[in-house]
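Since chain A is already given, all that's left is putting chain B on it; use the hints.
Number of protein chains: 2
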Amino acid sequence: MASPAICDRNNRNDGENGSWSMGLCGKVMNKVVEFPIKLKKLGQDDPRRVVHSLKVGLAVLLVSLLYYVQPVYNGLGDTTMWAVITVVVVFEFSVGATLGRGLNRILATFLAGALGFGVHHLASISGEIGHPILIGIFVFLLAASVTFIRFFPRMKARFDYGLLIFILTFCLISVSGYREEEILEMAHKRVSTILIGAFTAVFVCIFICPVWAGDDLHNLVANNIEKLGSFLEGFGDEYFKVAGNGESNRAHLQGYTSVLNSKQSEETQANFARWEPRHGKFRYRHPWRHYLKIGNLNQQCAYRIETLNGYLNSEIQTPLNIQSNKVQELCMKMSSESGKALKELAWALKTMTEPCAAASSHITKSRAAANNLTSMFRTSAAAAAGEGGYQVRLQDMVPAVTVASLLSDVVAYAEQIEKSIQELASFPHVQFKSAEPKTLQSCNTSSSNVGPHHVITMDRLASLQVQEPHKEIGTKLQRVSSAI
Amino acid sequence: MASPAICDRNNRNDGENGSWSMGLCGKVMNKVVEFPIKLKKLGQDDPRRVVHSLKVGLAVLLVSLLYYVQPVYNGLGDTTMWAVITVVVVFEFSVGATLGRGLNRILATFLAGALGFGVHHLASISGEIGHPILIGIFVFLLAASVTFIRFFPRMKARFDYGLLIFILTFCLISVSGYREEEILEMAHKRVSTILIGAFTAVFVCIFICPVWAGDDLHNLVANNIEKLGSFLEGFGDEYFKVAGNGESNRAHLQGYTSVLNSKQSEETQANFARWEPRHGKFRYRHPWRHYLKIGNLNQQCAYRIETLNGYLNSEIQTPLNIQSNKVQELCMKMSSESGKALKELAWALKTMTEPCAAASSHITKSRAAANNLTSMFRTSAAAAAGEGGYQVRLQDMVPAVTVASLLSDVVAYAEQIEKSIQELASFPHVQFKSAEPKTLQSCNTSSSNVGPHHVITMDRLASLQVQEPHKEIGTKLQRVSSAI
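If you read the protein sequences in the order shown, they are chains A and B.
In this text, residue positions in the first sequence follow our numbering: the first is 13, and each later residue adds one.
In this text, residue positions in the second sequence follow our numbering: the first is 13, and each later residue adds one.
It is possible that some hints are incorrect.
One copy or two, either will do: identical chains are not told apart, so a pair holds if it fits within one copy or between any two.
What the hints assert, rightly or not - Subject to a maximum C-alpha distance of 25 angstroms in a straight line, what follows is the list of computed DSS-like cross-link-like pairs (lysine-lysine):
| hint | residue 1 | residue 2 |
| --- | --- | --- |
| 1 | Lys168 | Lys52 |
| 2 | Lys345 | Lys377 |
| 3 | Lys431 | Lys345 |
| 4 | Lys275 | Lys431 |
| 5 | Lys362 | Lys305 |
For the record, the hints were derived by calculation from the structure and aren't laboratory data.
If we strip away everything but chain A, and leave its shape as in the complex, we get:
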C-alpha cells in the first residue's frame, strides 16, 4: 500500500513539470490496488459469475483429460484439441446461449462437412489443373454468400455463429482435402471431437447450477416493472416536498434509468431462451417474445418517467403555497397508486401468480385520481375566476399541468402493462397460479370493495378496452373541453 502513496507524492511534487512516467506509475499502482476490490464486487454483484467461472474451468479440465486417456487419444490423435476448442468457445453464461452455440456448431459442422466433401469430390474428378480452380471458385462464392446472409437480422440473432462455423468447416474440409487422402477420416474426427466438446459444455452447463436465460429474461422484465413502480411510489413525496431528506432519497429513485436501455439485453435473452428446454415454471414453447412486448411498454413508460425525473431535478417545483392544494394530493395519488400497482404487477409476474385484485384496485384508484384531476382543473378554474384568485392558480398550473399530464400517460401505460401481463397468463403454454387464499385476503382487505380475485380478473378482462394510452387521455380531456 506504500507504493501508490509514494508514486502519488512524486506525481504531486513534479506538479506541472508533469513527470509522465510517475503519473503512469501512480495510475498503474492504483489500478493494481483497486483490482482485488473490483474483483470482489463483481463476484458479490452476481455470485453466479463465480460459479460460471468454476464451471468453465471444470469443463475444460474434463475435456483436457481426453489427452491422458490412451484409447481416446489413439483414436482421435491431435484432433482432440478440437474438443478443447469447442468447450472454450461454446461455453456461455446461460444454458440457452450454450445450447444455441453448441447446436449451431454441430449442425454447421455436419452440413459444411458434407458440402465440403461433395465439392472436394467434384473437384477431384476435374483433373490436376481444374481442381484448385474449382475449389477456389467454390470457396470464394460460399464465403461471400454466407457472409452476406449473416447480415439478415433474423439470421444474425439466432444463427450467426453457425454461419461462421459453416464457412470455416467448408474451407477446412474442401481446401485441406487437396492434400489429405483420408478426408473422410478427418471429417469424422472433426465431427466426433466437436460433439464431445459440445456435449461436455452443455452437460456441465445444465447439470451444475444452471443459469437459464429464460429465468433471467423473466426476472429482468419483472424487476424493470418494479423499478418503475419504485420511482412512482417515491416521486410524489419527492416532488411536492421540502428539503431535509433530499439527495439520499433522490439517488434511491434512479433505479429506473436501467430500464431505458434494456431493450437490447431483453432481445438477446429472448433469443437465448428460445433454445432452452422446459425448466422450472416454464414449459416448452413459453411465449418468450411476449416479454419483449411487456418490455417495450416498460420502456415507453420509462421515457415518460425520465421526463418526469427532469422536473424533479429542476428548481421549478410546485411552490410551497399550494402544498395543501388538491392538485398536489391528486398528483401524489396518481403517482403512488400507479407505483403500487406496478409493484403488485411485478410481484405477480415474478411469482407467476395471477395479478391480484390489489393491483387492479390500485390502477382503478390512480385512474380515478387522473380523472378527478382533469375535472379539478375545470372546477378550480371556475372557482378561481369567481374569487379572483386566478393568477396564483395559473402560475401553479404551469408545472403542475405538465407533471399531471405525464402522470396521466404513466397511468395509461400501467394499465397497458397490466393488460399485457393478463395476456401472458392467458397463453396456452403458460400457467399462472391463482392467488393463494392468504394473499387474496390481503388483497381484499387492501381493496375491500372488490370481490374474490378470479371473478374480478374475468370482469376486468372483459371490460378492458384495447386502446392506445394517449387516445384514452385524449378522449377524456376532449370531453372536459367540450364540457367547458
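Below, chain B without anything else, positioned relative to chain A:
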C-alpha cells in the same frame, strides 16, 4: 410463382380443418419467393454489405492459396488451416473491429503460448505422475480466473475475444505439449499461421473499400441529431395542423425512434473506433468517447420527443378555435427553430465545419420563443381575467402547457447539443474547418444581426453558461412566478 398460390389456396380450402403440412408448404414457399427480394433490399440498404461479403471471399481465397504454394505448405503443413480459421473469425465489417480482433488474437496467442510453454516446462520436470496433475490444476485455475475476468465491463468491451483466445491457446499448448515433443515448433507454427491470417484479413479490410467504425460513429451521431431536427421541424405543422396531409407526413416524422435505442451501437462503434489508425478527417487519438456524450444528449432529447409524439398521436390536439392563437405561433416557432438549429448542427458535425452562425441564431430564436411563451402565459392570463375569457384559455392550456414545457426541455437540450459540438471542435486532436465564406454569407443573411462566424463562436463560447437544461427552464419559470 405458381406453387405458393396453389399452396395458399389449399391452405385456405382446408380452412379450419387445418392441414398443417399445407400451411407449412405455403409458408416455406412464401419465404423462398421473398428471399431474393429481401436479399436485394439488404444490399440496397447498405451496399457496403455486398462489398464486405466479396472482401471476405477474397481474403479466404487468398489464404487458401497457401495450401497450393509448395514451399509454404512444406513449412507449415496442416497447421496452414489456422490461417484460414484466423481469417474467417477475425474479418469483421469495420476496420476497427477487424484490427481489434486481429490484435487480440495475436497478442493473446503470444502471451498464452509463452505461459503455456512455461507451465509445460514446469510440469515436465515434476515427474511422470506430477505432470498431468500440475497441468490439470493450471488449466482449471487459468480457465476459471480468465473467464471471471471476462465479466469486467471494460475487459468485455475491448478484450473479450483476446481473453477467450488466451484460454484456448494456453490449453492447446500446455495440454497437447504432453504428447508432442516439438512443442516449440508447434507454438511457432501456430503463431506464424495466425500472423499470416490476421495480416491477410487486416490488409484486405483496410486496403479495399475500408469501412471505418469511426466514420460510422461520426455519421450515426450526426444523423441522429438530424433525425431529431426533422421531427421538430415537422412537429409544429403536424400538431397544430390542418386536415389533409395526415398519415403520410406522420410516418415521415418517425425517424427519431431509432435514436431511442442507439446507445448500445454507439458504444460498440466507439470501442471499435479506438483501435483504428488516423484516417480521413480523423487524427490519431480522436476523442471518440466524446461522441457518447453527444449521443447521450441525443437520447435524452429523443425521450422528450417520444413523449411529444404521444400527444401527436392522441386525439387531443389544440382545438381549432385557438388556431390563430399566439400559443400556437410560439410553440411552432420553438419547434421549428430548434429543429432547424439541430439540422444545422448535424450538418456542421457531419462535415466537421465549425457550427455556423445560423445554428446559434436558430437556437437564440427558439430560446426567445420559449421565453416569450412563458411570459405570454402570464400576460394572456391577466388579460383573460379582465375580459372574462378565462375559461376558454385554461381549457386550451391543458395540452398547450404540456407541449410547451416539453418543447422548452427540447430547446434546452438543443443548446446542450450545440455546446457539446463546440466542445468537440475545441479538442486538441480535432480540426473543424472554419465555415467557408459562401456558407458564412448564407449564415449571415439568415441571421443578419450577427457578425462574422468565428467572432460569434468565440463570443458565444465565452457567454455560454454550463448549466443543466432543467435548471435553466426552472430558473426562468421561477422568475416568471415571482414576477406574477
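At most 25 angstroms between alpha carbons: which applies to Lys345 and Lys377, within, between, both or neither? Within one copy, since 8 angstroms is at most 25 angstroms while 39 angstroms is not.
Please sort Lys362 with Lys305 into within, between, both or neither, judging by C-alpha distance up to 25 angstroms. within (16 angstroms within a copy, 35 angstroms between copies)
Have a look at Lys168 and Lys52 and pick one of within, between, both or neither, based on CA distance no larger than 25 angstroms. For Lys168 and Lys52, only the inter-copy Cα distance (17 angstroms) is at most 25 angstroms; the intra-copy one is 35 angstroms.
Checking an output row: Lys275 and Lys431, CA cutoff 25 angstroms. Within, between, both or neither? within (20 angstroms within a copy, 29 angstroms between copies)
Can you tell me if Lys431 and Lys345 fall within 25 angstroms by alpha carbon in one copy, between copies, both or neither? For Lys431 and Lys345, only the intra-copy Cα distance (21 angstroms) is at most 25 angstroms; the inter-copy one is 39 angstroms.
Checked against the numbered hints given earlier, the structure satisfies every one of them.
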